[in-house]
Amino acid sequence: MITREEILHIAKIAKLYVKDEEMDQLIQDMSKIIDYADAIKAVSRDSDVDFDNINNIANAFNEDLVIPSYRRDEILMNREGGENGYFLVRKSQRG
Amino acid sequence: MSKIKDLQRLLETKEISCVELTEKYLDNIERLNKTINAYVRVTAEEALETARKVDERIAAGEKLMPLEGIPMSLKDNISTKGIETTCCSRMLQGYYPIYDATVWETLKKQNAILLGKTNMDEFAMGSSCETSIYGVTLNPNNTDHVAGGSSGGAAASVAGNMAVFGIGSDTGGSIRQPASFCGLVGLKPTYGTVSRYGLIAYASSLDQIGPITGSVEDAAIIYDCLSSYDPKDSTSVGSRTTTHDKLNNSVKGMKIGIIDEFFDGINRDVKSSLEEAIKVYEDAGAQILHFKMPGLNAVLPVYFIIACAEASSNLGRYDGIDTAIRQIPTRI
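These protein sequence lines are chains A and B, in that order. If you're matching positions, the first sequence starts at 54 in our numbering and goes up one per residue. If you're matching positions, the second sequence starts at 19 in our numbering and goes up one per residue.
Next comes chain A alone, as it looks inside the complex (with noise of 0.2 Å):
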């Protein structure tokens, strides 16, 4: 069962807010969710089968190439051309 506690911490590193009186709601569901994970201990490991990379996939490496990339004013166009050339990001801790 998850608990209260785990819940707040969540939501605060989430920047969620949640009310109290939803709180016992909350635990039920989240209890349910992880629960419906848990079936996945059921399924035995227990093979002569190695279930570890099946399709026989390798890594792709690519050279290490400079090459020519997108124009720094196209870049920002989304963000309102930004600021003085860079992202202007919000500020988004406290102190």
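The set of hints was computed from the structure by calculation and includes no laboratory data. The beta carbon of each residue, even a glycine, is placed where N, CA and C say it ideally should be. Any given hint could turn out to be false.
Claimed, not checked - Partial list, derived from the structure: chain B residues whose beta carbon lies under 10 Å from chain A:
| hint | residue |
| --- | --- |
| 1 | Y113 |
| 2 | G210 |
| 3 | S252 |
| 4 | V255 |
| 5 | P312 |
| 6 | L318 |
| 7 | V320 |
| 8 | F322 |
| 9 | I323 |
| 10 | D337 |
Unchecked claim - Computed far set for chain A versus chain B, every beta-carbon distance over 12 Å:
| hint | residue |
| --- | --- |
| 11 | M54 |
| 12 | T56 |
| 13 | E58 |
| 14 | D103 |
Start from chain A and add chain B according to the hints.
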């Protein structure tokens, strides 16, 4: 059975011009889209401009490329340079990509006619288009029903004769399910065959781009055009496929596995259609093998863990700090 080939024949024999063909589809959109809501953005100007280019090439006696002159639609999570791309979310309203997705670049090079961007569940998360900020897409076959999702707009654009084919994306059924709802063919290609560069990511280890069409042959033509190796997508392993050439190959001796558990509790009509299809393959000489697959009930929980974890990571960038429109914090 190929609408693409039939239309190209009409274009090449000059029975219809590409501009006329495009106008016919734009008229259908004008007439039907108010009700069906397949398109969230119509790109009539771009479509007619490309159509004129195709007509010039036909007049000059040039041979048409496999998708040249064919009116089509793109799902709104596929980046189109200079054309608004929103994933049907308020967070990306007013976002104009500065580059083209590789699939759109390929289609553009072929002079395929882009009619517009199609409706979808917000960020492709859903199976009915009901979570789109532009409202639900209705099923052109029966407007009391939805077109499915998340590529519901893509499917409805084809089913409503508002496009010859639609390009959608599939993470956990988002091409196949709406295609099925609308009585069409939907293909989720093998992972790695079609470049995902420029597809706004949902769950990167599951997402694939693919076609929704009226026939298997058209799906094969499009798949062969879109599959290629793309250095811009590090999961791309593909090389050009040659599916279309093999469509009429014999299935004699081929083994087809049928997972029994999938038949538990399915709709009667779907079951009888499946059984009919199995019979067709059996009569054509394929070997049908029934088997059980224990552990299948763990598949969906695994899917939800992977999809939610990757979505959290991929969508973290839309926090409104440097990308996307910041929304007023929601109370849950």
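Numbers of the earlier hints that this structure fails to satisfy, in rising order: Hint check: nothing fails, all pass.
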